[in-house]
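Chemist: Please build the complete structure, drawing on both the sequences and the hints.
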Amino acid sequence: MQNPIFDQVWWVIGLPLIGWLIQCLFGKNVIQSLGPATGKRVMGSIAVLAIAASFAIGVMIIQALAQLPADQRAVSRTLFDWINIASIRIPFELRIDPLSMTMVMVITGIGSLIHLYATGYMAEEKDYPRFFAYLNLFVAFMLVLVLGNNLPMLFIGWEGVGLCSYLLIGFWYKDFANSKAANKAFIVNRIGDVGLVLGMGLLVSLISSNPAAVAGADGRWLSYDVLFEYLPSIVAANPAMATAIALCLFVGACGKSAQFPLYLWLPDAMAGPTPVSALIHAATMVTAGVVLLNRMQVVFAASPVASSIVVIVGLCTAIFAALIAFGQTDIKKVLAYSTVSQLGLMFIACGAGYYWVGMFHVITHAFFKALLFLGSGAVIHAMAHDQDMRNYGNLRKYIPITFITMVIGWIAIAGVPLTSGWFSKEDILHDALYSQQAMLGGVNIGMYAGWIGFFAAFLTAVYMTRMMMLTFWGGQERWKLIPAHAGGHHEDHHHEHAHAHAHHDHGPDTHGFFYTDEELAKTHEEHGHHHELDENHKPHEVPPSMWIPLAVLALFSAGAGLWLKGYKAFPSLPKDTLEKWLEPVKYAEEKAHGGAHHSPIPFEQFITPIGYWVGIVGIILGVLWYLRGLPKAEGWDLARWNPFRRAAADQFGYDRAMVDAGIEGGGLLGTFMWKVVDNKIVDGAVNGLAGAMGVLSKGFGWFQSGYARGYALMMLVGSVAILGWLIYFFNTTGGRS
Amino acid sequence: MNDVPLLVYLGIGLFMFATGAVGVVVRRNPVVVFMCIELMLNAVNLTFLAFARYAPSPLVPPGGQQHTWMAGQMAVIFVMAVAAAEVAVGLGIIMAIYRLRNKVDLDEMSTMRG
Amino acid sequence: MQSILSWLIFVPLVGALAVACLPDERKDLARITALGTSVLAFLLSLVMFVNFTGKSFHFQMVEKVPWIERFGISYHLGVDGTSLWLVMLTTFLMIISVWFSLYVNVKVKAYMALLLLLESAMLGVFLSLDMILFFVFFEATLIPMYFLINIWGGERRAYAAVKFFIFTAGGSILMLVGMVMLAWIHSQKYGTLTFDLVLIQSSIAQGDFWVGFLQLQAIIFWFFMLAFLVKMPMFPFHTWLPDAHVEAPTAGSVILAGVLLKMGTYGILRFILPLFPDVIGQFVVPVMVLAVIGILYGGIVAAVQPDVKKLVAYSSVAHMGFVVIGLFSLTQTGIQGGAIQQLNHGISTGALFLLIGLIYERRHTRLFKDYGGLKAQMPIYSALFLIVMLSSVGLPGTNGFIGEFLALVGAFQAGFAGFNGLTVVLPAIAATGVIVAAVYLLIMFKDMFYGPNTNPENQRLKDIKPWEIAMVAPLIVLIFWGGLYPNTFFEKMDASLNAARLMAVNPAGQRPSWAEPTHEITAKGQLVEVAPRENLWEGISVVRTISEGKLNFEPDTTLRAEATPK
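Residue numbers (the numbering used here), protein chains in the order written: chain G, 1 to 737; chain R, 1 to 114; chain Y, 1 to 566.
This list has only true hints and no planted wrong ones.
Ranges between beta-carbon positions, derived for each pair: (1) A88/R with Q215/Y: 56 to 62 Å; (2) G694/G with S187/Y: 37 to 43 Å; (3) G724/G with I68/Y: 37 to 43 Å; (4) I68/Y with G694/G: 33 to 39 Å; (5) G694/G with E529/Y: 56 to 62 Å; (6) V177/Y with R99/R: 49 to 55 Å; (7) V720/G with T192/Y: 43 to 49 Å; (8) G694/G with R99/R: 35 to 41 Å; (9) V720/G with V177/Y: 33 to 39 Å.
Dumping the calculated EDC-like pairs for lysine to aspartate or glutamate here, alpha-carbon to alpha-carbon at most 20 Å: (10) K369/Y with E664/G; (11) K675/G with D307/Y; (12) K397/G with E477/G; (13) K174/G with E457/Y; (14) K462/Y with D127/G; (15) K524/Y with D81/G; (16) K126/G with D463/Y.
Partner residues aside, some chain Y positions facing chain G, computed with beta carbon under 10 Å: (17) G170; (18) V301; (19) A302; (20) G334; (21) A376; (22) L390; (23) I402; (24) V434; (25) L442; (26) K446; (27) P452; (28) Q526.
Note that these hints are calculated values from the structure, not bench results.
For glycine and all other residues, C-beta sits at the position ideal for the given N, C-alpha and C.
Modeler: Set out below in structure tokens:
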């Protein structure tokens, strides 16, 4: 605890921030003065260095932390009081504990690899420093998110990464579709953020009304140490509140981690550059929801209802997204839905009470999904920025390094035994099957989720095989024979292609926010910042700055499971490394553990073989299916697609319905309020009053003829009338009223 | 001194006032209207003087100081002074309007604009 | 030093007269004089700021001179934590407004004179402690603003100016009636007719002021509240705001959003909370319902506006809703949040109008359809706009978040505890306003800055000049300062806001009294009796003594050390 390295934790966040400032302030000048080639190299190196240095400090801190006894592995450092008023105090404080440091490793480690990759991928980009500025800023915010020692600090990071995601999705802002996707991401995330704010509001209300906490917390209601100390007894006494808070927080997690009702934004977010998709929309930001559930497990563990809902939502997401992935032809979209599906699996683990298993899958997923995204980026790079898999084929001949690394990623995500993905997925499904945490009305939701989860795993293997087969196997005539777009004669299927391309490149959200299809089509034409595919095209392998990250990630995708979990066949490997490491952050007593090896469940004997074979069977089926190249039923002619695939391509109409409802409904409502309520009713009332005054004044105005004689006459009549009344008055009352 | 009864003074006053009032309302020549206003003012003056002579204010106790008996006369002096001032201003305005339009007709002066 | 507040009010007034006396053709001289005056006023407010202590909730730097003695009306000024930051905001935004107004080229002299006149009146509102004086200044702000809109406004300026005038003047008429009623009750109970806010509040704190007038208290509450609801503005009295904003010249919009709207929320803190403790509880829910409607309504209507200024105007309705939510939660957190939110709204919305003004001066259009793709054309401008927009969205790290968050948390605490019949439902609905805010602001940003730049008019645009950046920069600094270290602001307001809360929620006899020097507020917001003033009191400006059953009031010039509980 006295180790001075802990005081350096601010640099972990500070270095990316400094990197960001350098990119913002000097980026343009450097590139102008050194020339584009050298300038970009310098700025790119600075960006990578900032994250790598942050990673190095992180490694030192994590080593120091590991030397502490397990029960003391929570160190906090306070910088200054952020909000300090009589009733609430929120310091700027960081928490160094196994959970936060694990995430720091993932973020800065994978982050620096992806930065390195991006220096190559974005080399042709004009706005080079702007890209790295956003990327560095994102890392800084992500670190605030995981390192902060209270929920508002987590929220700074939470919204901050949302902002960076918004900026990066809209990085190529000249295309309206991109900025619409960016808006969609931010707004849908905001829905989740409101859930988080509600949760924090309820937590503050709950804790600040507890006498013990009032005495001991010094107003730091939302700091984790206070929450961990007082919350268990409070929520135990108040299960309904626990459920309410847990559900509010879960809404937040759903938004950020793209779970079922709010997953909409993630596929559209693929409009951003590919390194962004890898870093933000696969490896780090989208796992923030799992981190949140890990942090607040004390609340979730107290509420079986909320846990069940977490499991149900996770399961629905896992299956739903996996089904949608079958209908996608854009390689990044397939990976995006796969990410959504995998996140669903992580939530199943968290809902089942095995929060650390969720983290395990976060880590392994970060490796293989970042690998797959970066690999897909390499493919896209090689294929002149065409993202449609129907244009690929036989690429294993041309880009062998990418091919080999992606194969490793593929078997990892498909769950071939001994790959990292297999370990974490096995843990999730086993633990879910035996969990007693997610009980809803006497039904063990976790157990059903475990069984159905195997199906999701099977689907994953199949659609990933589809993606790999379409990309790396099959004939290369699919891209070799496409005539140049500028060419005079178009074949029929090319029309189809252009049409399909226009719609699928940017997802089904052709409405965007308040723009018509014509406008979209117009802007779409300008999208091509690179030359098109044609018969002269020859794919090139990517430069070392891009394949080195691929290789490193491939190594971890293959070996992370053995490293973090161990396997019974290799007794020399340490066992359960990650579980032991994360032991100190388990604040919830795991009810699930009690039942883990005692109460047997039906069909228990099938679990282990299914776990071993489900991924392999999926791959074999997929290979058989796609061995002969692109099936006709998935070609350019959408009419020949079977109904399921067409529905899947359309996200089963869900996205369209939501976006329509949101935009058109919101627009109608807004216009109604503006034109009718504001202008007619409210203003109408006021104008009506004014009108009445006008009529009245017209009436009076008749007297004001302007003729002096008229006035004189009126005066006369008036005086006579008053006199008459006085006389009458005095006569009748005698002057006494 | 008391040969003429009060009622006669009041009657003459009423006649003068009525004549003046009718004149103000029906005539269009501002000069005539002024004369009619003068007529009304003088009718009031006449009544003041008559009352001052015949019906001294009940508020003044008998044997009160001398000047308190002069209230009516004082009012008349005031009215005459005000009337003189009024005529001075009014004739000035009428002259100004005449210069402007070569014509003075009250009914044409129905707006506040020049 | 003795009369710093009077200096503060009258320096702009004298400046206005000086500008008005300048010859017509010396436009530059008028501009320089106005700018100099506004800077001078800001310096004076800095002097006030430095001499202000946030440790006491009492009024400081008080000046009291009898004005109309037979009606108990006095020229009574003072500053406390509630008004301090609003005064600073006024003088600060005024410099920027005058600076921006260097763009104005028509009737420069009159424009500058009116701006300074407006400043004088606004400062008067925040500094006066006499109800009649307050009312005079409150109404006096309308006149310069009316002319600013009516002479230098857009196409429908006459309509907008009249609407602005009628709404706000009409709203405040009943407040005058309420003030007279308060003075009358005071004379009934204590034998002296007075419009002095401090005296009346102190009587209310003692407890017997409202005895027998409970019905009347409710009526007077609404008389005051109506004036403030119109001013803020709250649904359904908000329709004057979009028109006024759209038609007003840029400086007018900045002042309108930055300061004039705050007069409504300031009124709540200054009058509603301290004066109506017995009825405020029963009106918490209705007022909050209006605020919640305002938040959602303002946001949803903003989202469909084709005109950027109108969009920001409607967003003001939504943002001010959060202020009301916070203030009427009657919790420490909520009131602090509401108070900081009003400052932050002044800064970020002021900055938004300023930025819109910058582009309007170049393109002379406010319609979204005329813009698009400006990001490539004007990178610095778009970066500044992005920051200000995010502050308006309420992103953590910018000032917008602090106020919204604390106001919501406070409302949650109140709802959770069931204060005044509140439940967590209303704050939960209010929180969804944050989503709507993101929707309309992001649409605004997208429509102006993203997409291709197809309009040839826009392709000619150049990025903003250094002096324009310098004009916006202080606001940007404040946005981050307020977001990262809001304690600077809280420190000075803490005591006054906690006192205002206790005035509203404590039972009679335990309420803090502005005129009771032995009352003080601890850092935790508790009312304590402190040692007698002879040895310890410093800087307290007013002392209330009771002799022969009559209230006396005298300024205290002795300086006070830190208040310590007995």
